[in-house]
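Engineer: These protein sequences, in sequence, are chains A and B.
At position 227 of the first sequence (counting the first as 1) the number is 227 in our numbering, and the numbers step up by one without a gap.
At position 229 of the second sequence (counting the first as 1) the number is 229 in our numbering, and the numbers step up by one without a gap.
These aren't lab readings, by the way, just hints derived from the structure by calculation.
All of these numbers come straight from a predicted model, not from anything done at the bench.
Virtual Cβ for every residue (Gly too), placed ideally from N, Cα, C.
One or more hints might be untrue.
[Said to hold, decoys possible] Pairs of lysine-lysine residues, derived as PhoX-like cross-links and limited to a Cα-Cα distance of at most 25 Å, are as follows:
| id | chain 1 | residue 1 | chain 2 | residue 2 |
| --- | --- | --- | --- | --- |
| 1 | A | Lys140 | B | Lys43 |
| 2 | A | Lys104 | B | Lys232 |
| 3 | B | Lys463 | A | Lys231 |
| 4 | A | Lys223 | B | Lys251 |
| 5 | B | Lys363 | A | Lys60 |
| 6 | B | Lys98 | B | Lys251 |
| 7 | B | Lys350 | A | Lys137 |
| 8 | A | Lys89 | B | Lys363 |
| 9 | B | Lys43 | B | Lys191 |
| 10 | A | Lys7 | B | Lys232 |
| 11 | B | Lys191 | B | Lys251 |
| 12 | B | Lys64 | B | Lys43 |
| 13 | A | Lys85 | B | Lys363 |
| 14 | B | Lys117 | A | Lys104 |
| 15 | A | Lys121 | B | Lys331 |
| 16 | A | Lys164 | B | Lys463 |
| 17 | B | Lys451 | B | Lys389 |
| 18 | B | Lys3 | B | Lys451 |
| 19 | B | Lys232 | B | Lys250 |
| 20 | A | Lys7 | B | Lys454 |
[Unchecked claim] Examples of chain A residues lying across from chain B (beta carbon under 8 Å, computed):
| id | residue |
| --- | --- |
| 21 | Val122 |
| 22 | Thr128 |
| 23 | Ile130 |
| 24 | Gly131 |
| 25 | Ala158 |
| 26 | Arg160 |
| 27 | Asp162 |
| 28 | Ala255 |
[Unchecked claim] Some residues of chain A that are not near chain B, with every Cβ distance over 12 Å (derived):
| id | residue |
| --- | --- |
| 29 | Glu3 |
| 30 | Ile35 |
| 31 | Ala38 |
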Amino acid sequence: MMELLGKTNIDFIGKRNISFVISSIISIIGIIAIIQMARGVANMGIDFTGGTSVQLMFDKPLALADARKALHSGGIAEFELQEVKEGNKLLVKLPRKSALAVGKAAEIVPAAFVKAQPGLKVTVDSTTEIGPSIGEKLRKDTIIAVAISMLGIICYIAWRFDFKFGIGAVVATLHDVLAMFAAYYLTGREFNLLFITAVLTIAGYSLTDTVVVFDRIRENLHKDLKGSLHKIFNTSINEVLSRSIITSLTTFLSAIALFVWGGEVIHDFSFALLVGIVVGVYSSVYVASPVVLLLEQRAMNKGESGAAQPVKA
Amino acid sequence: MPKGAGWRIALIAAFVVLSCIYLVPTLSPNLPEWWKGMLPKDKIHLGLDLQGGTHLVLEVETAKAVEGTLDLVATDLEDTLNSKNLRFKRISRTGSDKVSIVVYEKDTAAAVQKLIKDKYRDYEIIPTVEEGGMVGVALRMKEQDIQDRKDKAVAQALETIRNRIDQFGVSEPVIARQGINQIVVQLPGIKDPQRAIDLIGRTARLEFKMVKEGVSPTGGAIPEDSEVLYEKHTDPTTGATTEIPLVVLKKALITGDLLTDAQVRIDSQFNQPYVGIEFNSLGARLFDQVTAANVNKRFAIVLDRNVYSAPVIRERISGGSAQISGNFTEKTASDLAIVLRAGALPAPVKIIQNVTVGASLGKDSIDKGLMAGGIGVALVIIFMAIYYKLSGMVANLGMVLNILYLMGAMSALGATLTLPGIAAIVLLVGMSVDSNVIIFERIREELRLGKSPKSALEAGYDKAFLTIMDSHVTALITAAVLFQFGTGPVKGFAVSLSLGIMINLFTSLMGTKVIFDLFLHKGNVKKMSI
């Protein structure tokens, strides 16, 4: 029998104060990212803001400064340039308020380059133009989608376990989601629909680990009615630690293939998945379980003091 | 053979056969004739992000269609009142749902009202108002009729756009209505997206209007019955455009809906392409009358409020054909002919979303996606084989079954595979062995407790069952939500993911189990390779 980890006996719960600090920092960065998105200062994809993005491929390398000059002389005043990692490619983003009519960008933008540098061969890789009403609808739909999935997950976990586990699972899921926002924000990646897709996927997926841990905790709670909660939680996590890691490892392996070989379009998407998968393992051990423990202990204390009160009276 | 294994094997085998049959149309482009008769024809479609193409969302400005109808009513009323010698000061559309008529006398107002009542039964008559010696009469379109008109406008626009695309020549276009006033157009594999977008987005309202002579378009007052339109000239060598203003009468004498045909022709003298048009009998008669009455005057050929040309009428033109010349290239002339043949849109459309992916990027995406998928599968297979040995190979077999079933199901549903969809499949590869990992770890635990392989297996599957259920249901919840709200590539992702999750549940709880059962059912296996 090949084993990644032998029998472990790590005091996960005992380190919860450290992990709570780490988790809080991650979550706060995630929240900052969301606030920055709402303020419109984060790197937002045009799916949400509306506007135009044109990805161009040139037959020879083009310096960013030259590209900037070309666009300016082509009469395009407001734009954002983003280098694409592969090939001689460039992403030009035009804000919604710039006066280009929808349906025209694929003509005007490459024309500006050809005019500034005759002889340059420009191919339009892709064009995305989003009118304001669509952007708004997508934003609204996304918020609804995230809300409904979260609600669905809470309901299901609350039904399958109990309310305290439900809360633990949701806190852990939220933590994973925030971590993905934080990672994207810190690396300056573009928040777009694909990112939201990755977030929702991870929201569903990271629960797998949490459920595995919860199942074991519940099983051990039934088996050992007298042991301290602290000990039962620790044993449970240690017992399922290797499978938590291996299940995530297999998915991590396929996601890393996407990240390395999947091409530019899903590069960032797979990055989000990788972050989500790793954080998912961490959170099922260090977030979900401690939160449930906290709630259980609080309920117990309350139960004891509640039972004691009538006697005093 | 263990109890119940027979029908489980049969089920698995049946699904394998079904998947293979459903996959045939996807994998082989040319199906023999006998296949088409009775066997499935649906195949997995490639999303626009993989084969390149354009996805457009158009919004029909339906309010304009209602206004257009009311403008027609106003013109018609004007003619009727004139022919009945009823004197009026002004007839015009007011607001978005009314036509107002201002007359001088009460008697006339009453006569007009009677006329409206007879002629426009579907309209509401607004009580007359007297103001400054004038009497105002108005009719309003009913709310229900307005909605009908708007609805029809979208349906007409859809039909017209379909016509244009058919004539332009795009294989397998998708043209569908979305919501109240939107039309989704998908043009897979299109080579010249910009040209197609121009062609679709054009209103193509053709009008023949008389040029108002003796009025300067630049200075001075423009008469109330006239307007200034522009004739654009593009210098073919420099590309510079100049605009020549022209005062024309607002009222169109002939409109494009009287056309029967439009074709590109080449002018033999200047070797310049132009568009020859043919009128129907009513149009021919009108054209004949108009040209007869206006010899030596200029008339303007106006398309979407741009003057194409404003020739002088040399002589009466009978026979019902005319030509539109301008600075055409072969392409622009052929596009104009297409839109004229397909007819005008009942209202202007606005492009509110345009996602175009070039064919080379699409090719690149599919190649890389498949390669990443292959590598992902290989990595997982190697890991499982090393870590769980023979049992790992069973899990790998389950994973291969999973992929086969998923592809078969997508093919059967005629689903669309997008790049995120490929990502979902790769992700599923990881997730599908997850279930087995959970089961195997459980089995190992039971083995450590000293159980026999057979009972360890039973206990492992039993105890892992709920955990696997739970994790699949939660993943399915989010996948379903993504499916509901996603569009395009995201929807493709959700389709692959939700199908995959359901199939995975089947293969992990049933598919791999039966293999173990076959090996272990006798109970004399001493050691399990796990």
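Engineer: Does each hint fit the structure? Answer for all of them.
Structural biologist: Okay, the hints, checked on the actual structure:
Distance hint between Lys140 (chain A) and Lys43 (chain B) is unfulfilled; the C-alpha atoms sit about 33 Å from each other, more than 25 Å. As the CA atoms of Lys104 (chain A) and Lys232 (chain B) are separated by approximately 18 Å, the hinted pair is consistent with the 25 Å bound. Distance hint between Lys463 (chain B) and Lys231 (chain A) is fulfilled; the C-alpha atoms sit about 22 Å from each other, no more than 25 Å. Using a Cα cut-off of 25 Å, the hinted pair Lys223 (chain A) and Lys251 (chain B) is violated, with the two alpha carbons roughly 90 Å apart.
This hinted pair checks out: Lys363 (chain B) and Lys60 (chain A) have alpha carbons roughly 21 Å apart, not beyond 25 Å. Of the supplied pair hints, the one linking Lys98 (chain B) and Lys251 (chain B) holds, its CA atoms being roughly 19 Å apart against a limit of 25 Å. Among the hinted pairs, Lys350 (chain B) with Lys137 (chain A) is consistent with the structure: their alpha-carbon atoms are about 16 Å apart, no more than 25 Å. The hinted pair formed by Lys89 (chain A) and Lys363 (chain B) meets the criterion: a straight-line CA distance of about 16 Å does not exceed 25 Å.
For the given pair, Lys43 (chain B) sits about 23 Å from Lys191 (chain B) by alpha-carbon distance, which is consistent with the 25 Å threshold. Distance check on the hinted pair: Lys7 (chain A) and Lys232 (chain B) sit about 82 Å apart at the alpha-carbon level, beyond 25 Å; violated. About 40 Å separates the Cα atoms of Lys191 (chain B) and Lys251 (chain B), which puts this hinted pair outside 25 Å; it is violated. Restraint check for Lys64 (chain B) and Lys43 (chain B): the C-alpha separation of about 41 Å exceeds 25 Å, so the hint is violated.
Using a Cα cut-off of 25 Å, the hinted pair Lys85 (chain A) and Lys363 (chain B) holds, with the two alpha carbons roughly 18 Å apart. Proposed proximity of Lys117 (chain B) and Lys104 (chain A) is contradicted: the alpha carbons are some 47 Å apart, above 25 Å. With a C-alpha separation of about 22 Å, the suggested pair Lys121 (chain A) and Lys331 (chain B) falls inside the 25 Å cut-off, and the hint holds. Between Lys164 (chain A) and Lys463 (chain B), the direct Cα distance comes to roughly 22 Å. Compliance with the 25 Å bound is thereby established for this hinted pair.
About 20 Å separates the Cα atoms of Lys451 (chain B) and Lys389 (chain B), which keeps this hinted pair within 25 Å; it holds. With a C-alpha separation of about 21 Å, the suggested pair Lys3 (chain B) and Lys451 (chain B) falls inside the 25 Å cut-off, and the hint holds. Proximity of Lys232 (chain B) to Lys250 (chain B) is assessed by CA-CA distance (about 19 Å); at most 25 Å being required, the pair is judged to hold. A threshold of 25 Å between alpha carbons decides the hint, and for Lys7 (chain A) with Lys454 (chain B) the separation of about 24 Å falls inside it, so the pair holds.
Below 8 Å, beta-carbon pairs count as interface contacts, and Val122 (chain A) has none with chain B, the closest being about 11 Å; its hint is therefore violated. Interface hint at Thr128 (chain A): satisfied, since its Cβ lies 5 Å from the closest Cβ of chain B, which is below the 8 Å cut-off. Hint status for Ile130 (chain A): holds, given a least beta-carbon distance of 5 Å to chain B, under 8 Å. Interface hint status for Gly131 (chain A): upheld, as the beta-carbon distance to the closest one in chain B is roughly 3 Å, under 8 Å.
At about 12 Å, the closest approach between the beta carbon of Ala158 (chain A) and any beta carbon in chain B exceeds 8 Å, and the interface hint on this residue is violated. Restraint check, Arg160 (chain A) versus chain B: the minimum CB separation of about 6 Å is within 8 Å; hint holds. Among the interface hints, the one on Asp162 (chain A) is violated; its C-beta lies about 14 Å from the nearest C-beta in chain B, farther than the 8 Å criterion. A distance limit of 8 Å between C-beta atoms decides the matter here; for Ala255 (chain A) the minimum to chain B is near 7 Å, and the interface restraint holds.
Glu3 (chain A), annotated as away from the interface, has a beta carbon of chain B within 12 Å; the closest lies near 8 Å. Every C-beta of chain B lies more than 12 Å from that of Ile35 (chain A), the closest at about 23 Å, which supports listing it as non-interface. The claim that Ala38 (chain A) is not at the interface with chain B holds, since no C-beta of that chain comes within 12 Å of its own (minimum 20 Å).
Checked against the numbered hints above, the structure breaks hints 1, 4, 10, 11, 12, 14, 21, 25, 27 and 29 and satisfies the rest.
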